[in-house]
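Once you have looked at the hints, place chain B on chain A.
2 protein chains.
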Amino acid sequence: MPLVIQKYGGSSLADADRIRHVAGRIKRTRDAGNQVVVVVSAMGDTTDDLIKLAHSVTDEPDKREMDLLLSTGETQSATLVAMAMQAMGCPVVSLTGPQLGIRTDAAYSRARIVDIETDRVGGELANGRCVIVTGFQGVNQQGDVTTLGRGGSDTSAVALACALRAPRCEIYTDVDGGFTADPRVVPQARQLKEISYEEMLELAQQGARVMHPRAVELGELYSLPIEVRSSFHDRPGTLIHAGESMEIRKHVRGIAHDTDVAKITMLGVPDRPGIAHAIFAPLADASVSVDVIVQTVNAQGNAEISFTVGRTDFNRALQITEELARTIGGTVDSRRNLAKVSIVGTGLQSAPGYAARMFGVLAEHNVNIDTITTSDIRITCVIDEAAVPEAVRTLHATFELDRED
Amino acid sequence: MPLVIQKYGGSSLADADRIRHVAGRIKRTRDAGNQVVVVVSAMGDTTDDLIKLAHSVTDEPDKREMDLLLSTGETQSATLVAMAMQAMGCPVVSLTGPQLGIRTDAAYSRARIVDIETDRVGGELANGRCVIVTGFQGVNQQGDVTTLGRGGSDTSAVALACALRAPRCEIYTDVDGGFTADPRVVPQARQLKEISYEEMLELAQQGARVMHPRAVELGELYSLPIEVRSSFHDRPGTLIHAGESMEIRKHVRGIAHDTDVAKITMLGVPDRPGIAHAIFAPLADASVSVDVIVQTVNAQGNAEISFTVGRTDFNRALQITEELARTIGGTVDSRRNLAKVSIVGTGLQSAPGYAARMFGVLAEHNVNIDTITTSDIRITCVIDEAAVPEAVRTLHATFELDRED
Numbered sequence: 008m009p010l011v012i013q014k015y016g017g018s019s020l021a022d023a024d025r026i027r028h029v030a031g032r033i034k035r036t037r038d039a040g041n042q043v044v045v046v047v048s049a050m051g052d053t054t055d056d057l058i059k060l061a062h063s064v065t066d067e068p069d070k071r072e073m074d075l076l077l078s079t080g081e082t083q084s085a086t087l088v089a090m091a092m093q094a095m096g097c098p099v100v101s102l103t104g105p106q107l108g109i110r111t112d113a114a115y116s117r118a119r120i121v122d123i124e125t126d127r128v129g130g131e132l133a134n135g136r137c138v139i140v141t142g143f144q145g146v147n148q149q150g151d152v153t154t155l156g157r158g159g160s161d162t163s164a165v166a167l168a169c170a171l172r173a174p175r176c177e178i179y180t181d182v183d184g185g186f187t188a189d190p191r192v193v194p195q196a197r198q199l200k201e202i203s204y205e206e207m208l209e210l211a212q213q214g215a216r217v218m219h220p221r222a223v224e225l226g227e228l229y230s231l232p233i234e235v236r237s238s239f240h241d242r243p244g245t246l247i248h249a250g251e252s253m254e255i256r257k258h259v260r261g262i263a264h265d266t267d268v269a270k271i272t273m274l275g276v277p278d279r280p281g282i283a284h285a286i287f288a289p290l291a292d293a294s295v296s297v298d299v300i301v302q303t304v305n306a307q308g309n310a311e312i313s314f315t316v317g318r319t320d321f322n323r324a325l326q327i328t329e330e331l332a333r334t335i336g337g338t339v340d341s342r343r344n345l346a347k348v349s350i351v352g353t354g355l356q357s358a359p360g361y362a363a364r365m366f367g368v369l370a371e372h373n374v375n376i377d378t379i380t381t382s383d384i385r386i387t388c389v390i391d392e393a394a395v396p397e398a399v400r401t402l403h404a405t406f407e408l409d410r411e412d
Numbered sequence: 008m009p010l011v012i013q014k015y016g017g018s019s020l021a022d023a024d025r026i027r028h029v030a031g032r033i034k035r036t037r038d039a040g041n042q043v044v045v046v047v048s049a050m051g052d053t054t055d056d057l058i059k060l061a062h063s064v065t066d067e068p069d070k071r072e073m074d075l076l077l078s079t080g081e082t083q084s085a086t087l088v089a090m091a092m093q094a095m096g097c098p099v100v101s102l103t104g105p106q107l108g109i110r111t112d113a114a115y116s117r118a119r120i121v122d123i124e125t126d127r128v129g130g131e132l133a134n135g136r137c138v139i140v141t142g143f144q145g146v147n148q149q150g151d152v153t154t155l156g157r158g159g160s161d162t163s164a165v166a167l168a169c170a171l172r173a174p175r176c177e178i179y180t181d182v183d184g185g186f187t188a189d190p191r192v193v194p195q196a197r198q199l200k201e202i203s204y205e206e207m208l209e210l211a212q213q214g215a216r217v218m219h220p221r222a223v224e225l226g227e228l229y230s231l232p233i234e235v236r237s238s239f240h241d242r243p244g245t246l247i248h249a250g251e252s253m254e255i256r257k258h259v260r261g262i263a264h265d266t267d268v269a270k271i272t273m274l275g276v277p278d279r280p281g282i283a284h285a286i287f288a289p290l291a292d293a294s295v296s297v298d299v300i301v302q303t304v305n306a307q308g309n310a311e312i313s314f315t316v317g318r319t320d321f322n323r324a325l326q327i328t329e330e331l332a333r334t335i336g337g338t339v340d341s342r343r344n345l346a347k348v349s350i351v352g353t354g355l356q357s358a359p360g361y362a363a364r365m366f367g368v369l370a371e372h373n374v375n376i377d378t379i380t381t382s383d384i385r386i387t388c389v390i391d392e393a394a395v396p397e398a399v400r401t402l403h404a405t406f407e408l409d410r411e412d
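Just so you know, the protein sequences line up as chains A and B, in that order. For what it's worth, this note's numbering labels the leading residue of the first sequence as 8, then goes sequentially. For what it's worth, this note's numbering labels the leading residue of the second sequence as 8, then goes sequentially.
With the C-beta cut set under 7 Å, the calculated list includes, among others, these residues of chain B facing chain A:
| no. | residue |
| --- | --- |
| 1 | T65 |
| 2 | T86 |
| 3 | L87 |
Calculated pairs, DSSO-like style, for lysine-lysine (alpha carbon to alpha carbon, straight line, at most 30 Å):
| no. | chain 1 | residue 1 | chain 2 | residue 2 |
| --- | --- | --- | --- | --- |
| 4 | A | K59 | A | K70 |
| 5 | A | K59 | B | K34 |
| 6 | A | K34 | A | K200 |
| 7 | A | K34 | B | K70 |
| 8 | B | K70 | B | K59 |
| 9 | A | K70 | B | K34 |
| 10 | A | K59 | B | K59 |
| 11 | B | K59 | A | K34 |
| 12 | B | K34 | B | K200 |
FYI, nobody ran anything at the bench for these hints, they're computed from the structure. The beta carbon of each residue, even a glycine, is placed where N, CA and C say it ideally should be.
Only chain A is shown next, with the shape it has when bound in the complex:
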């Protein structure tokens, strides 16, 4: 019997009606002659509510306790989906991370999956039951509950599909799939029928909130096709896979943008070995997530080091950098209200002219480029946040993303 792995996000499970709707969808998949394993996130805003609750008790909640607290959200939604399916006469059992045996390392709040036991889940499937699995959580060697970090339920689903050797993994969410650009910014944006792992990864990392990048990476590693689709209707979504006809496709596949960007620049820093480490080690210790880093050295032998961070990390990063400047010399400059706009597509770097066209069309529309970074399949410009809609629409039109492949 074919094995189907599905994952439903929190917005698809926000209330009793949606839970029953999801239960019906799972039952139909089973009734069509499949074995079904379903990974669920916590209902709606449950995780955020639990985080707020913890912070109402103490400013710095212990991480081990926090993980156990947060894991209750997925346990609740898993049991409720199972109850709804039982009520429809569908044999089902819910399993938590520890019950199933999703083994992780000991890094609370950002654990990595080490191994997944398949005995219990395999036994339940063999007994004709659907299995509802709590996403986002695992168990470490001590038997303590760990969580995989934000978006971890996507990772749980892909990892389970790999461990159970399922032919593919279906990720149900509140969007229809991957798009050529954010449809709220570009009305002409088109849903992508398929996309390669690398392209999806770049789009996800550059701000397209379709799927968690970690899960895409894992899918790529195991060559597991992943379909992202809506839980609210039955239209096909976007298939993320290795991609066979990449060479003959259009090069630019999508435009991503991310408006959560702030930049800190250290000017007049002495250019000596170890200086970058001296700056970024304390930022890492403070769990500041640094994105784009640019370093230049001027004629006087002084370095200028810039980096971007998300806005929630901005104040902390600025404070650390200013302290550093007092120790190692130099001054600190900063800018909030920046954004990143990226064009993503396999082969972008090897095909000539894309970067030039991108820079040219932004200049034509008076969009000033602050910083540029590139990867093999992506060109990113840091620009003013206010210029994002204009920039994204212009790039979408320039690279003809509104036309069918």
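Relative to the frame of chain A, chain B by itself:
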């Protein structure tokens, strides 16, 4: 180092402030040189809210899933108490029923504790940590979460104290302890300094909501002294223990009342062997909890069988009884709005005159007695609900319960 077991109920953990208050209390106990294991209930109305949530998904939630769902309430409160203690610099760890190893039978929603592993909790104590344990929950042989039924956290605490050979168990709640009568009905009611297991058991079963009867029974079985006290102040509570000077104490120790009583009577039932079984077996199958049963046979050889039930079970019980009457003959009569008033005290039955005095004083105050039942240490009258305040106050004064022992 002395070992102290404490249990905090849901009202003592209703919000972040109370959780911090409880955390401070636990820390003081530890700072006084004790090892501390704490059992917690779910915060405030969490359990009721989760039950409502399940019923919004389906009318008849699967019991296995329901137990796993409800267990999240205690997991949440345990982690929050642990976080608050960590924030105070107190080494602590929370453990769920499965993590600690509270092994139960497989009876979901009303599981019985079979055994408690002491390795993990002992190890944590040896490492200098306080341990916060989720009450109400355990794990069955399959590794699935079970719950002990309402009030089960009291049972968890007493069972842990027995397993860890603690010298006593402290139950913190929102009342000051056991009273000679409900202080809301009798302003002169006095807090009991101590009470025997049997007396507490009778008081608890007859409506005094101080502590769960199962926990008292378990305490008696292991001769574990239990102190019931308030978490809101530091005054001593009520010590439940074997009682050494029972013979010389006052016989009546307390007045209990329970206004959740309805009565069903089957009249003109043929008096033949097996008739009681024919009536009560289907009630048990429907999980109707029957309390007082009275059977009489009249001169015509017809039996009259009465029994009382709680009001939530009344409609179901009436329906079953009326169906039965159509099969086996007889008619059904019923009364809602009844109540039980009990006097409780060791030796009541063996000492002459208590029953007569009780009936006499109720008659003097025009309280009509519907049914009478007795145990070794209790005399209970079923009366009209409306007569309860008068009856309780009168009995409290008659047996001089407002005077010190």
